[in-house]
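Please put together the full structure from these sequences, using the hints given.
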Amino acid sequence: MSAERKDKGGRSPEALATFAAAARQGGRKPDDVGLTETPETAPIPASPKAKADAATKVLREGVLGRDQGADAAIDRLPDRTRTD
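Here the sequence shown stands for residues 274 to 357, numbered as in my numbering.
Since the hints were derived computationally from the structure, they do not count as laboratory data. For each residue, glycine too, the CB sits at the ideal point set by N, CA and C. Hints are not guaranteed to be accurate.
[Said to hold, decoys possible] Derived Cβ-Cβ restraints for the label pairs, each shown as a range:
1. V336 - A288: 20 to 26 Å
2. P312 - R333: 32 to 38 Å
3. I347 - E313: 20 to 26 Å
4. G283 - P351: 18 to 24 Å
5. V336 - L308: 32 to 38 Å
6. R297 - L332: 25 to 31 Å
7. G338 - R297: 32 to 38 Å
8. D304 - L337: 40 to 46 Å
9. R333 - D305: 24 to 30 Å
10. P312 - E334: 30 to 36 Å
11. Q298 - G342: 30 to 36 Å
12. D344 - F292: 16 to 22 Å
13. A288 - L337: 26 to 32 Å
14. R284 - D340: 34 to 40 Å
Below, the structure written as structure tokens:
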């Protein structure tokens, strides 16, 4: 654990939210996005069961090569790249 995270006691930012924040800044990570979460990169609550279901369906589609409902399962999860 880095000294910054230990001192602030914060959680790490979500990677996908960090990438989205960088994309909105022309591909450059915003200066306020560091080793701890910001309001923009904080985790978005989601059901662990829904996340596991979506991951399972994505993996099954990759292995089986046929539709397993992954798109619909993913659509039921919160969009971590949008700002509202």
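Hint-by-hint comparison with the structure:
no., hint, result
1, V336 - A288: 20 to 26 Å, "25 Å, holds"
2, P312 - R333: 32 to 38 Å, "35 Å, holds"
3, I347 - E313: 20 to 26 Å, "22 Å, holds"
4, G283 - P351: 18 to 24 Å, "21 Å, holds"
5, V336 - L308: 32 to 38 Å, "36 Å, holds"
6, R297 - L332: 25 to 31 Å, "30 Å, holds"
7, G338 - R297: 32 to 38 Å, "35 Å, holds"
8, D304 - L337: 40 to 46 Å, "45 Å, holds"
9, R333 - D305: 24 to 30 Å, "39 Å, violated"
10, P312 - E334: 30 to 36 Å, "34 Å, holds"
11, Q298 - G342: 30 to 36 Å, "35 Å, holds"
12, D344 - F292: 16 to 22 Å, "21 Å, holds"
13, A288 - L337: 26 to 32 Å, "28 Å, holds"
14, R284 - D340: 34 to 40 Å, "36 Å, holds"
The earlier numbered hint that this structure contradicts is number 9, and it is the only one.
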